[in-house]
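Enquirer: In the working numbering, the protein residues as written are 1 to 170.
In case anyone wonders, no lab produced these hints; they're calculated from the structure.
Some hints here could point you the wrong way.
Said to hold, decoys possible - Pair by pair, the computed Cβ-Cβ distance ranges are:
hint, residue 1, residue 2, range
1, LYS162, LYS2, 36 to 44 Å
2, ILE3, TYR89, 14 to 22 Å
3, TYR111, TYR153, 48 to 56 Å
4, MET160, VAL53, 20 to 28 Å
5, ASP64, LEU152, 13 to 21 Å
6, MET42, ALA165, 23 to 31 Å
7, SER119, LEU152, 49 to 57 Å
8, LEU91, PRO28, 35 to 43 Å
9, LEU152, GLY8, 15 to 23 Å
10, THR77, LEU21, 43 to 51 Å
11, ILE48, ILE100, 26 to 34 Å
12, ILE3, LEU159, 29 to 37 Å
13, ALA104, ILE67, 46 to 54 Å
All figures in this text were calculated on a predicted structure; none of them were measured in a lab.
No residue lacks a Cβ here, since even glycine has one placed at the ideal position from N, Cα and C.
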Amino acid sequence: MKIRRFTGLSVNMLISLVLVLFGHAMTPRLGTSSGNGNPAIMLLIPLIILFLVMVYQWIRLFQDVRISVGRLSLFVTALVGYIIAGYVYQLHRLEIYREIQADAFESKFGYVDWSHIESITSGILSIHMNNQFFNWNTYFMMLAFSLLLCFLYRLIQALMNKKRATPGKY
């Protein structure tokens with residue numbers, strides 16, 4: 001039964017990775033025009049569904065595993081730290097990407113239009129941002145966040161069970 005659950009989770013993770021890499025591949029080349037719209041946004045719908053299923057799969061996988069409240073707290077803290085570090089890293093990569101876009105713009109047109117660079121590297125609607133939203137870092141952050149929700153669920157469940165087991169003072 002555990003093998004079946006792990007296999008289902010692995011398939012979900014693989015499909016999610018393929019969708020993330022497909023979204024990354026939809027980023028236009030540097031210095032090119034992107035047209036109107038961003039079709040990669042549509043990948044968010046199946047990714048959100050797969051994410052929710054992944055949280056459920058993690059919960060099912062760990063449901064019979066006994067983990068102490070202290071360890072659950074440690075896992076939650078470590079995962080929150082990882083997600084924050086991944087977010088900070090992603091912000092750093094965005095600044096580097098803006099510089100790369102500026103260099104490509106300057107080599108093509110002879111000057112840098114920072115308002116244009118800011119407009120194409122801001123928000124999810126720009127197709128130029130696909131490589132910032134769909135990459136290995138964001139994929140691993142998604143996995144970490146799904147695991148975090150699983151462990152938070154388990155932690156709350158353990159604390160509620162502990163509270164029921166110890167009668168309150170009157």
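Enquirer: Now tell me if each hint is right for this structure.
Expert: Consistency of the hints with the structure:
{"no.": "1", "hint": "LYS162 <-> LYS2: 36 to 44 Å", "in the structure": "violated (26 Å)"}
{"no.": "2", "hint": "ILE3 <-> TYR89: 14 to 22 Å", "in the structure": "violated (34 Å)"}
{"no.": "3", "hint": "TYR111 <-> TYR153: 48 to 56 Å", "in the structure": "holds (53 Å)"}
{"no.": "4", "hint": "MET160 <-> VAL53: 20 to 28 Å", "in the structure": "holds (24 Å)"}
{"no.": "5", "hint": "ASP64 <-> LEU152: 13 to 21 Å", "in the structure": "holds (18 Å)"}
{"no.": "6", "hint": "MET42 <-> ALA165: 23 to 31 Å", "in the structure": "violated (48 Å)"}
{"no.": "7", "hint": "SER119 <-> LEU152: 49 to 57 Å", "in the structure": "violated (37 Å)"}
{"no.": "8", "hint": "LEU91 <-> PRO28: 35 to 43 Å", "in the structure": "violated (22 Å)"}
{"no.": "9", "hint": "LEU152 <-> GLY8: 15 to 23 Å", "in the structure": "holds (21 Å)"}
{"no.": "10", "hint": "THR77 <-> LEU21: 43 to 51 Å", "in the structure": "violated (30 Å)"}
{"no.": "11", "hint": "ILE48 <-> ILE100: 26 to 34 Å", "in the structure": "holds (29 Å)"}
{"no.": "12", "hint": "ILE3 <-> LEU159: 29 to 37 Å", "in the structure": "holds (30 Å)"}
{"no.": "13", "hint": "ALA104 <-> ILE67: 46 to 54 Å", "in the structure": "holds (49 Å)"}
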